[in-house]
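Novice: If you want the building blocks of each chain, they are given just below.
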Amino acid sequence: EADIYQTPRYLVIGTGKKITLECSQTMGHDKMYWYQQDPGMELHLIHYSYGVNSTEKGDLSSESTVSRIRTEHFPLTLESARPSHTSQYLCATGLAGTYEQYFGPGTRLTVT
Amino acid sequence: QQPVQSPQAVILREGEDAVINCSSSKALYSVHWYRQKHGEAPVFLMILLKGGEQKGHDKISASFNEKKQQSSLYLTASQLSYSGTYFCGTEPAGGTSYGKLTFGQGTILTVHP
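Protein chains in written order, with the numbering used here: chain A, 107 to 218; chain B, 1064 to 1176.
Incorrect hints may have been included.
[Unchecked claim] For each label pair, taking beta carbons as the anchor points, the in silico distance ranges come out as:
1) B:VAL1082 - A:THR216: 32 to 42 Å
2) B:GLU1129 - A:THR216: 38 to 48 Å
3) B:VAL1106 - A:ARG115: 13 to 23 Å
4) B:LYS1113 - A:PRO189: 36 to 46 Å
5) A:LEU166 - B:ALA1140: 31 to 41 Å
6) B:GLU1077 - A:LYS163: 38 to 48 Å
7) A:THR121 - B:ALA1090: 17 to 27 Å
Don't read these hints as lab results, they were simulated from the structure. Bear in mind the structure is a predicted one, so any value in this text is a computation, not a measurement. We put the beta carbon where it would ideally sit given N, CA and C, even for glycine.
Let the sequences and hints guide you as you build the complete structure.
Specialist: This is the structure in structure tokens:
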């Protein structure tokens, strides 16, 4: 069973605010991912990391940024939230050399 | 490019079978299948690799046709617990185990008693 924690689980915030979505894991997995998913829609990869100090953008263009200073921590930051950022953000991890991705519970973000 | 799943939705009675397809216009390295129940996170089901054999997981199995760049997920003798949205995620040829996936739009499976 994967231990992936995302905080906050729900966030309602006003336009223009800076927000950071937290993702942490206790499995020591090298690979970590951020996905964006609108209700009833597919998952879109927005960021991924293969290890400490390694981050790459996914296929979906995103105004967010990420950092990977520690193996267990992969926060996502939006400098200035907009209503178009309203969505669910899912964090996932994977063990190097394997294929399975383990998903966290997600953060539902609403920007008013 | 996003893979295309069909059908978009399936309604079954317990014990019936279903097939969900995932097609890509690009040559693929791998196809991954996930199930997401309403309000929950996606859960990994299985992966099909180029040149790999058909996989199975309880009464759920899958195949990968490299010539057609298509994968099919087979659910036999469906159970209520199979209900959810099924997503395929693909990695293009030349890929690795890094898991940079592009997901299809999903297939909603509903199993009734």
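Novice: If a hint holds in the structure, say so; if it doesn't, say that too.
Specialist: Here is what the structure says about each hint:
no. : hint                             : verdict
1   : B:VAL1082 - A:THR216: 32 to 42 Å : holds, 37 Å
2   : B:GLU1129 - A:THR216: 38 to 48 Å : holds, 43 Å
3   : B:VAL1106 - A:ARG115: 13 to 23 Å : holds, 18 Å
4   : B:LYS1113 - A:PRO189: 36 to 46 Å : holds, 41 Å
5   : A:LEU166 - B:ALA1140: 31 to 41 Å : holds, 37 Å
6   : B:GLU1077 - A:LYS163: 38 to 48 Å : holds, 44 Å
7   : A:THR121 - B:ALA1090: 17 to 27 Å : violated, 43 Å
Hint 7 alone, counting from the list given before, is not met by this structure.
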